[in-house]
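With these hints in hand, go ahead and build the complete structure from the sequences.
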Amino acid sequence: MALLLGGLTPSATAAVQDFVLTLNASDLGMDPAGLRDIVPEMQADIREHGGLGKALKQALADSEVSTTVDTTEWSNVDGTVDVTSGGAGLAVTIPAGEVSTAGWWTGFAATVIGWTTGYGLRVLCISGLTSTGVGVATIPLVCTPLQTTVTGIMTALMTHTFNRTLGTPAATRDIIIAGLLGLAGGFLWEKYLAPWAKENLAAAMRKVGTWIRSRVPWVNSWLGSGAAEGADALGEQLEELEDLLNEAMRDWGGLRTSLRVMPLGDSITYGVESSDGNGYRDELYDYLKASAPDVDFVGSVKAGSMSDRDNEGHPGDRIGEIAAFAYCTVPRYQPNVITLHAGTNDINQNYNLSQAPTRLKKLVNQALTHSPRAAVLVAKLIPTGKDGLQPRIDAYNAALPGIVEDLQSEGKHVLLVDMRRVLVSDGLENDAHPTDAGYAKMADAWYGAVLQANAKGWLQSPLPEQADAGCNPTESPIDDDPGTDSPIGSGETALGEGWRALGVIASGYGTRVGRTIIAELNGDQRADYLQVAADGHFRASVNTVGTPGQPDWVDVGTYAPAASDASTPIDVNGDEVRFADLNGDGRDDYLLAGSDSKVEAYINFPGSGDQLRFVRWGTVFDEESFSRDNLRFADVTGDRRDDILRVGAEGAVHVYQNMWDPNSPPISSESQPPDWGLWLNWAGGTRGSSLEAVRFADGDGDGRADYLQVGVDGSVHAFLNRGGGGNGSFEARYDWAHSSGYPRPYVQFADISGDGKADYLVVYDGGAVRAWLNRGGN
Numbered sequence: 001m002a003l004l005l006g007g008l009t010p011s012a013t014a015a016v017q018d019f020v021l022t023l024n025a026s027d028l029g030m031d032p033a034g035l036r037d038i039v040p041e042m043q044a045d046i047r048e049h050g051g052l053g054k055a056l057k058q059a060l061a062d063s064e065v066s067t068t069v070d071t072t073e074w075s076n077v078d079g080t081v082d083v084t085s086g087g088a089g090l091a092v093t094i095p096a097g098e099v100s101t102a103g104w105w106t107g108f109a110a111t112v113i114g115w116t117t118g119y120g121l122r123v124l125c126i127s128g129l130t131s132t133g134v135g136v137a138t139i140p141l142v143c144t145p146l147q148t149t150v151t152g153i154m155t156a157l158m159t160h161t162f163n164r165t166l167g168t169p170a171a172t173r174d175i176i177i178a179g180l181l182g183l184a185g186g187f188l189w190e191k192y193l194a195p196w197a198k199e200n201l202a203a204a205m206r207k208v209g210t211w212i213r214s215r216v217p218w219v220n221s222w223l224g225s226g227a228a229e230g231a232d233a234l235g236e237q238l239e240e241l242e243d244l245l246n247e248a249m250r251d252w253g254g255l256r257t258s259l260r261v262m263p264l265g266d267s268i269t270y271g272v273e274s275s276d277g278n279g280y281r282d283e284l285y286d287y288l289k290a291s292a293p294d295v296d297f298v299g300s301v302k303a304g305s306m307s308d309r310d311n312e313g314h315p316g317d318r319i320g321e322i323a324a325f326a327y328c329t330v331p332r333y334q335p336n337v338i339t340l341h342a343g344t345n346d347i348n349q350n351y352n353l354s355q356a357p358t359r360l361k362k363l364v365n366q367a368l369t370h371s372p373r374a375a376v377l378v379a380k381l382i383p384t385g386k387d388g389l390q391p392r393i394d395a396y397n398a399a400l401p402g403i404v405e406d407l408q409s410e411g412k413h414v415l416l417v418d419m420r421r422v423l424v425s426d427g428l429e430n431d432a433h434p435t436d437a438g439y440a441k442m443a444d445a446w447y448g449a450v451l452q453a454n455a456k457g458w459l460q461s462p463l464p465e466q467a468d469a470g471c472n473p474t475e476s477p478i479d480d481d482p483g484t485d486s487p488i489g490s491g492e493t494a495l496g497e498g499w500r501a502l503g504v505i506a507s508g509y510g511t512r513v514g515r516t517i518i519a520e521l522n523g524d525q526r527a528d529y530l531q532v533a534a535d536g537h538f539r540a541s542v543n544t545v546g547t548p549g550q551p552d553w554v555d556v557g558t559y560a561p562a563a564s565d566a567s568t569p570i571d572v573n574g575d576e577v578r579f580a581d582l583n584g585d586g587r588d589d590y591l592l593a594g595s596d597s598k599v600e601a602y603i604n605f606p607g608s609g610d611q612l613r614f615v616r617w618g619t620v621f622d623e624e625s626f627s628r629d630n631l632r633f634a635d636v637t638g639d640r641r642d643d644i645l646r647v648g649a650e651g652a653v654h655v656y657q658n659m660w661d662p663n664s665p666p667i668s669s670e671s672q673p674p675d676w677g678l679w680l681n682w683a684g685g686t687r688g689s690s691l692e693a694v695r696f697a698d699g700d701g702d703g704r705a706d707y708l709q710v711g712v713d714g715s716v717h718a719f720l721n722r723g724g725g726g727n728g729s730f731e732a733r734y735d736w737a738h739s740s741g742y743p744r745p746y747v748q749f750a751d752i753s754g755d756g757k758a759d760y761l762v763v764y765d766g767g768a769v770r771a772w773l774n775r776g777g778n
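Just so you know, the UniProt record's numbering puts the end of the sequence shown at 778, numbered straight through with nothing missing.
Honestly, the hints are just simulated from the structure, not real lab data. Please note: incorrect hints may appear among the correct ones.
Claimed, not checked - List of simulated lysine to aspartate or glutamate pairs, DMTMM-like, C-alpha gap at most 20 Å: (1) Lys757 - Asp735; (2) Lys54 - Glu73; (3) Lys207 - Asp27; (4) Lys598 - Asp552; (5) Lys362 - Asp387; (6) Lys598 - Asp565; (7) Lys456 - Asp426; (8) Lys57 - Asp45; (9) Lys598 - Glu670; (10) Lys362 - Asp310; (11) Lys386 - Asp426; (12) Lys57 - Asp78; (13) Lys456 - Asp639; (14) Lys302 - Asp436; (15) Lys207 - Glu229; (16) Lys386 - Asp713; (17) Lys302 - Asp575; (18) Lys54 - Glu41; (19) Lys289 - Asp310; (20) Lys198 - Glu242; (21) Lys441 - Asp418; (22) Lys302 - Asp45; (23) Lys757 - Asp702; (24) Lys456 - Glu405; (25) Lys598 - Asp535; (26) Lys207 - Glu236; (27) Lys598 - Asp575; (28) Lys198 - Asp174; (29) Lys54 - Asp31; (30) Lys598 - Asp675; (31) Lys362 - Glu405; (32) Lys54 - Asp78; (33) Lys598 - Asp571; (34) Lys57 - Glu73; (35) Lys198 - Glu229; (36) Lys757 - Asp571; (37) Lys598 - Glu624; (38) Lys207 - Glu240; (39) Lys598 - Glu576; (40) Lys207 - Glu239.
Note that the coordinates shown come from a computational prediction; the quantities given were computed from them, not determined experimentally.
Dropping the structure here:
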């Protein structure tokens with residue numbers, strides 16, 4: 001780099017010769033072609049801003065590093081950038097008439113040097129990353145921030161130099177490192193730029209120092225002896241800085257603290273709809289593992305296929321419900337990093353939204369009280385394409401910066417994490433859960449926030465874990481009362497006074513197996529949990545007695561009755577699988593319903609211990625041909641044997657009554673299937689009913705399945721079975737359950753408590769189940 005000034009004083013320079021600053025490729029050890037390639041961009045930069053002076057002002061504004069230069073008095077100095085005569089570099093030229101003796105000229109000159117050096121370091125960055133095989137699309141995301149940062153750093157250094165306010169080499173090092181810390185807000189720095197900077201930055205700064213010392217006489221002729229003495233001192237410091245910078249770069253840029261991370265939140269934390277069930281957690285774990293000496297994910301939930309599956313993600317839970325779990329698990333695990341994404345379900349359920357940010361603040365305070373060494377990273381909610389929900393998300397997100405600022409003003413280690421890179425096109429058009437690509441973007445944002453917390457000095461060694469003291473999650477002090485502005489309905493819960501909210505009673509298997517079904521498998525009258533895979537095999541967990549109203553699930557294994565049948569194994573499509581009790585023993589059997597309603601049955605008999613055993617019965621229904629979509633199973637007569645229901649497009653029902661004689665010989669593939677007695681017009685349908693709206697379950701505990709009509713908002717009208725059409729008809733219970741706010745396809749009914757009455761269930765796509773206990777309905 002050479003500074004050509006011509007003349008002995010600024011006034012003489014202005015009168016006699018242009019001001020020319022050249023940067024040769026050899027000065028910083030770079031390829032001349034790369035430096036030449038950058039010239040058109042610099043020329044476009046000047047044209048876009050209407051002059052060199054305005055381009056330099058914008059460069060300082062973009063850098064957000066240098067605060068040492070006051071640009072308010074600058075004239076819009078004209079100037080050009082071009083390739084040097086030898087083609088080995090670039091030259092910044094300011095016409096002689098533009099060179100000034102005014103006080104602002106020193107800062108302007110410092111900025112010219114900083115701007116040019118920034119472009120030079122960008123060329124080094126591009127060439128360095130290209131040689132490592134980094135994708136073309138990634139390089140600008142890394143090297144452009146480096147350019148703006150170096151512009152600010154060098155401007156600050158040169159301004160201090162010219163004003164004789166530069167301190168020790170350590171101070172110079174700190175200016176450089178502080179500027180580079182601004183790049184630590186994203187994973188790109190740690191993944192791509194930090195390795196390059198550790199190898200090249202110190203040497204580049206030494207070369208800049210060598211150049212500055214060689215040009216002291218020219219600086220003296222331009223800005224006087226004081227500036228020249230400062231330039232000589234700066235050059236010496238930059239030359240001596242190499243070891244200090246190398247040491248700083250070795251120590252900085254990694255996470256030197258062991259991390260105990262609690263992913264905390266809802267189904268997005270759990271990883272619903274990700275192909276491996278991990279959501280963002282596996283990518284985040286990999287990033288952290290490469291940077292920190294030790295990483296441990298913690299939580300009471302296990303989900304996904306990754307090696308460290310622990311998390312505190314609760315599908316379907318609102319902020320207050322998440323806080324109830326955190327009330328127990330945060331003090332137990334003592335995480336020093338908490339990644340918090342919560343509020344989606346408050347918005348989905350339109351649950352007291354005006355107070356949702358306040359509830360989140362209470363949750364953060366609760367977590368920090370219970371784990372005082374934690375840095376809490378609070379995410380803005382990712383977007384959605386669902387009708388009407390994005391304005392609610394926007395309003396909620398808009399309140400979060402103020403919440404975080406309040407917490408920070410109290411000295412608390414809380415950061416806001418912007419998930420703006422996650423787009424509706426990342427699988428969120430009709431769902432709340434992103435695709436794998438969207439989850440990867442979330443991991444990037446979380447990792448950037450961890451680096452930012454590290455740069456602030458917030459990451460502390462975690463305290464020892466505490467023994468589980470049997471905490472009851474319902475003890476959380478967070479007030480989650482719906483409040484007077486909630487439209488979710490009157491009564492004790494969203495569904496009304498006839499229901500008791502149990503929250504999420506099953507979280508699924510982590511990696512989504514397939515279609516979730518609630519059925520009675522072991523004859524204890526409490527419905528069990530199972531997921532059916534695409535090939536027809538299923539994994540099951542039986543419902544055992546836990547905390548009142550809260551089942552404990554015991555995994556009893558994986559079964560493939562059709563494929564395992566030694567006599568006639570068959571291939572199965574998971575869409576064919578149904579469960580119903582055909583022989584009245586209280587255990588639902590494994591059924592295959594063909595596209596034309598033909599039904600094959602495998603009877604569920606007691607196995608060894610908790611294991612299930614299935615015996616093929618063969619084709620049990622082949623009387624008429626109608627679409628499988630119209631086929632349902634339910635016991636409408638109260639004889640404990642499920643009947644076959646044919647449901648019309650508008651909700652009308654014909655019944656094929658199960659006439660099997662329980663005194664018949666033992667069931668086998670050779671025994672006779674049941675007879676079916678056709679009962680026409682058992683139910684004629686109701687106003688507003690449809691095939692999609694109808695459910696059949698025993699709502700009042702009399703042993704007979706009732707006719708339930710589910711609205712698009714999850715509300716329910718019940719028509720209690722008093723004998724059915726022609727035999728006692730139905731008793732209407734309108735608004736038997738108020739709106740839950742969940743879409744109709746999510747709503748199922750099954751008795752999970754064993755009291756004989758079907759409870760209201762919301763079964764999420766990912767397999768989580770939320771329940772309301774039936775206390776008689778409204």
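Numbered hints the structure breaks, given as an ascending list: Numbers 4, 5, 7, 10, 13, 17, 22, 29, 35 and 36 - these are the hints that the structure violates, sorted from lowest upward.
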